[in-house]
Amino acid sequence: MNIITLQIVLLAFALLMTYSLFLHWKKKNISNKFFISWLIIFAIFMFLSMFPKTLEPLMKELFIVRVMDLGMIGTFMILTYVTIENNIKIKNLEDKIEKLVRKIAVKK
Amino acid sequence: MGGFDDKLGIMKIFVVVPVFNEENRAVNTIKKILKVDKKVIVIVVDDGSSDDSLKILKKEFKKNKRVVLSSHLINLGKGAAMKTGAKIAWKLDGEAVIFIDADGQHNPKYLPRFINQLDKYPVVFGYRLLDKNSPWIRKTGNKLAGLLISVLFNIKKKDLLCGFLGFRKEVYKKIIWKSTRYGIETEMATKVGRNKIPFSEIKIDTIYIDKYKGVTIFDAFKILFKIPFWYFEK
Chain A
14 MNIITLQIVL LAFALLMTYS LFLHWKKKNI SNKFFISWLI IFAIFMFLSM
64 FPKTLEPLMK ELFIVRVMDL GMIGTFMILT YVTIENNIKI KNLEDKIEKL
114 VRKIAVKK
Chain B
5 MGGFDDKLGI MKIFVVVPVF NEENRAVNTI KKILKVDKKV IVIVVDDGSS
55 DDSLKILKKE FKKNKRVVLS SHLINLGKGA AMKTGAKIAW KLDGEAVIFI
105 DADGQHNPKY LPRFINQLDK YPVVFGYRLL DKNSPWIRKT GNKLAGLLIS
155 VLFNIKKKDL LCGFLGFRKE VYKKIIWKST RYGIETEMAT KVGRNKIPFS
205 EIKIDTIYID KYKGVTIFDA FKILFKIPFW YFEK
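Chains as they are written, first to last, in my numbering: chain A, 14 to 121; chain B, 5 to 238.
DEER-style ranges, computed between Cβ atoms:
| id | chain 1 | residue 1 | chain 2 | residue 2 | range |
| --- | --- | --- | --- | --- | --- |
| 1 | A | Leu71 | B | Lys160 | 51 to 59 Å |
| 2 | B | Glu237 | A | Leu75 | 32 to 40 Å |
| 3 | A | Leu68 | B | Glu237 | 40 to 48 Å |
| 4 | B | Ile141 | A | Met81 | 39 to 47 Å |
In case anyone wonders, no lab produced these hints; they're calculated from the structure. Glycine included, every Cβ here is placed at the ideal spot set by N, Cα and C.
Kindly generate the complete structure, drawing on both the sequences and the hints.
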């Protein structure tokens with residue numbers, strides 16, 4: 014797979030995700046704020062996929078040789094953040110459900 | 005022995021039985037409990053069973069005044085069912101609760117001893133002795149976990165995973181557990197140790213009903229993973 018093919022794959026992925034977001038926004042599953050935030054993220058993602066050379070000054074600063082390495086580091090950081098956020102939200106949700114179910118059980 | 009005779013000043017003790025998918029065993033366990041102590045009241049919490057447990061329990065005990073039936077709309081885990089049971093007991097002016105598993109692995113014949121000990125100690129734990137036929141991994145795991153808990157939380161307990169236990173209402177807020185599925189008993193022990201709550205231990209029979217239910221090796225690892233969190237918890 015050469016760099017152009019990889020760029021096409023990344024672009025296709027970002028477009029697909031944007032379309033999925035758009036559908037969820039249309040169905041009112043997500044808020045305007047959420048939709049716009051992710052739209053900006055995917056726009057940046059698409060731009061960087063098409064013009065990876067724009068990252069060169071940053072890579073030089075961080076002593077990173079390949080764009081792929083920078084991408085991996087960035088991905089890990091984002092995934093870690095999303096996992097922690099999700100974990101906290103799920104735990105809060107579980108606590109709320111538990112309280113609600115218990116309230117009903119005790120009332121009966 | 006136990007029961008609800010206020011005139012005699014005896015503590016109001018409820019037996020809480022969390023039930024999850026025990027349509028074949030729960031009724032029998034509850035009947036045994038009712039037989040052992042004629043005054044005790046049993047709070048049964050069905051934890052969103054997907055089998056006919058709730059239906060069978062309702063059919064059997066709906067008219068029984070010594071059985072309080074409650075149910076979770078969805079499955080939340082044993083720890084959550086135990087908490088619901090305790091809340092119902094406090095609502096009914098209970099002063100102490102004793103937990104017994106619904107699958108029959110806890111022999112209710114020890115109930116009078118628990119009731120007796122709860123008069124003297126705020127917390128009473130049951131313990132099983134692992135015999136020579138017990139798997140080595142279980143024995144080693146139990147010993148290592150026991151050692152770790154005793155070092156970190158200053159509590160020496162013979163069995164960290166035994167669910168046959170009881171406590172008085174006055175200590176509930178100090179030992180309230182967050183675990184819903186694994187390690188409720190271990191978490192409770194860590195809190196008893198941390199708060200220096202006096203406790204007593206009662207030897208009970210070792211009965212293993214279903215090797216796929218209860219604590220598996222994977223659950224043991226999850227409990228081990230939780231220990232540092234309990235340690236740094238305020």
